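Listed below are the residues making up each chain.
2 protein chains.
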Amino acid sequence: MKDINILAGATSSFGELWGVSPRKLVSDVTAEALKESGIKRHEIEAIFVGNMLSSSLGSQDHLGAFFSEELGLDVPAVKIEAACASGGMAVHTACLAVLSGQYETVLVVGVEKMTDHKPEEVASALMAAGTDGEREAGATFPTLYALIARAHMAKYATTELQMAAVSVKNHFHASLNSHAQFKNPITEEMVLKSPVVASPLKILDCSPITDGAASLILSRRKSGGKNIAITASEAATDSLGLAQRESLTSLKAAAEAAKKAYRSAGILPNDINVAEVHDCFSIAEIIAMEDLSFFTKGTAAKNIASGMTRLGGKGIIVNTSGGLKAAGHPVGATGVKQVVEILQQLKGISGAKQVSGAKIGLTHNVGGSGATAVVHILKK
Amino acid sequence: MKDINILAGATSSFGELWGVSPRKLVSDVTAEALKESGIKRHEIEAIFVGNMLSSSLGSQDHLGAFFSEELGLDVPAVKIEAACASGGMAVHTACLAVLSGQYETVLVVGVEKMTDHKPEEVASALMAAGTDGEREAGATFPTLYALIARAHMAKYATTELQMAAVSVKNHFHASLNSHAQFKNPITEEMVLKSPVVASPLKILDCSPITDGAASLILSRRKSGGKNIAITASEAATDSLGLAQRESLTSLKAAAEAAKKAYRSAGILPNDINVAEVHDCFSIAEIIAMEDLSFFTKGTAAKNIASGMTRLGGKGIIVNTSGGLKAAGHPVGATGVKQVVEILQQLKGISGAKQVSGAKIGLTHNVGGSGATAVVHILKK
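As you go down the protein sequences, you meet chains G and W in turn. Using full-length UniProt numbering, the letters of the first sequence map in sequence onto residues 1 to 380. Using full-length UniProt numbering, the letters of the second sequence map in sequence onto residues 1 to 380.
Hints were generated in silico from the structure; no laboratory data involved. Hints may contain errors.
Heads up, the list lumps identical chains together, so a pair's fine if it works in one copy or across two of them.
To be verified - Cut-off 25 Å, straight-line C-alpha distance, at most; resulting in silico cross-link-like pairs (BS3-like, lysine-lysine): (1) 40 to 252; (2) 379 to 35; (3) 297 to 259; (4) 260 to 40; (5) 259 to 40; (6) 379 to 359; (7) 35 to 347.
For clarity, every value in this text was computed on a predicted model and none was experimentally measured.
Please model the complete structure; the sequences and the hints are all you need to start from.
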């Protein structure tokens, strides 16, 4: 794959943004990215919108044209949906658009407005990413990831304390991120004593319901300043439902997408300095680290708990934004925001959460309980 | 743009398919296309699903992975939504994917299941493509197109009889299409005497609510048999709402997309032999013929009424499938089915509805009341 240059990226604050509309969120993150990129608005030639829930929760479809008008762009625009991987798939599709030669410079926006609704409405809307069977059984995503956690615990002796360490690390990172939803540091004890959602997952093992938006400007042209490029953009799918999988302790789609991405970028997993992974639940980050070959199977939990992947650690530093857990998880925005976080790391503008000397970064965005996975590799 | 080869295409029957699931519809049209293409299932490298309403009416998101699993393909997959242009935009995005070089051969499926719901639920779900203001005013798409019709009548003296002629032509064409929803020929008198939906539009000026699916296999590789290629794939957007438009008598996005497509293909409008245009209402086909520069402004209605665009006519033959009006309008499938219809025309396998000597064809797919438009040009 030819490199795709990232001219700019921005995220909104993530959280309960009750006074802010999706229009305003997208308008602000686009204005910020345009300013950073130094390009003119009319140089944007197409828009790819990552969003899952605007139809079921917002009663607004046709988001491509909706934002094209709102942004005063008047260019081809489309909504990309792949459940919680909508943002990552929007980036992937935008990469294809730039590679196609039909568009030189494109805008990706990811956006979700979730907190204006009752939690049970949101849970129900999210389960549209699952199977009929899972819904009929009354499963929600915490239930499904609890099954995954139980399987991982049984096979690799992973502990609830090790899972708690994921949340503790990500809250610490979020405490350094002014845009994060939860900036409060927490302890393992707080996680273990927090209310159970779906055993063994406690509320502090779970990512929250969040409003937010993120934007990226991708181009064949190089950036005027330090050029950061996407050097691999790969996706893969697996069965929608857990019952159809061979294994619960790995997400096959994520492992596949990662393998393709390393091959495409011509690098090895350990060449990565910094990564944003899809920690929708604490167990998901542990499995992600194994699927991405950062650690061998069954060893991620103890390595994370040892502090290797925490800022200052000697391993690959993971989820400096705070991850989905603490920065928040506005579904369609998440995969876009992950790329923005890595962009800023490679530019060296991440301030207190900067990973020193970061040259190569990775993002890992997952849809549903693993039916879609998208991996991007960025380099400076 | 480099040509993109169409290895195969198929459509389901369109209509009230109460006994058939979306899974079955997509599975059948994909099997048919695979058989026709002569390629193996594992040669498909990605899937682009055109769909608008599965979230709001079907409570199923994540359709990319859903169909990837159902079809036993296990490849990157994504849902593309752009209201009633979802199918056309899925084809456009798939073209970008093939042009990108990342995927050699991809599958496009368009699908919609609409008739299992109460008409008012469907009307409400469809209005998610409009603006808040339009919804608050109680507008539905017939209302919006009635305003467009009134404006066209006022400016160009277009008559209700001329609009009726569009439906009569399309029902005649549908009578030759075994997959069409309405195969019954009708007369101008029947249209004029049919119940008023939103004056001046009568029920027989309006496209129906429909279930159906369509598929295409696109590739960099040429087909073994007669090769048909997409030689231009262009999209454009306009304001979501009518109130923000400069003119009601033309869809700016459609005119723009057409202009770009003619330039990209290096042809003139009159080089086209056969076209499928978005006749969601009879007035929409009249305006489409003008936006596509097939006729000068204000002359389409009388030319259509004269029979020029009907099978056997001396002009560009339009909507041989029966169009949205009579073949049916399963929203996400429509833009894909249009390309399949033109593919079959250029292959010369359209039987009783064959346009003799057709060499170049065009499709015109519109979202909402014109906020998105997609134009494809095919040649043999």
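Here is what the structure says about each hint:
In this assembly of identical chains, the alpha carbons of residue 40 and residue 252 lie at most 25 Å apart only when taken from different copies (23 Å versus 41 Å within one copy). Taking CA atoms no more than 25 Å apart as the test, residue 379 paired with residue 35 passes inside one copy only; the shortest distance there is 22 Å, against 43 Å between copies. Taking the shortest alpha-carbon separations for residue 297 and residue 259, only the intra-copy value of 15 Å comes in at or below 25 Å, while the best inter-copy value is 55 Å. Taking the closest pair of Cα atoms, residue 260 and residue 40 come within 25 Å of each other only across two copies (22 Å); inside a single copy the shortest separation is 35 Å, beyond that limit.
In this assembly of identical chains, the alpha carbons of residue 259 and residue 40 lie at most 25 Å apart only when taken from different copies (24 Å versus 37 Å within one copy). In this assembly of identical chains, the alpha carbons of residue 379 and residue 359 lie at most 25 Å apart only when taken from the same copy (6 Å versus 47 Å across copies). Taking the shortest alpha-carbon separations for residue 35 and residue 347, only the intra-copy value of 16 Å comes in at or below 25 Å, while the best inter-copy value is 50 Å.
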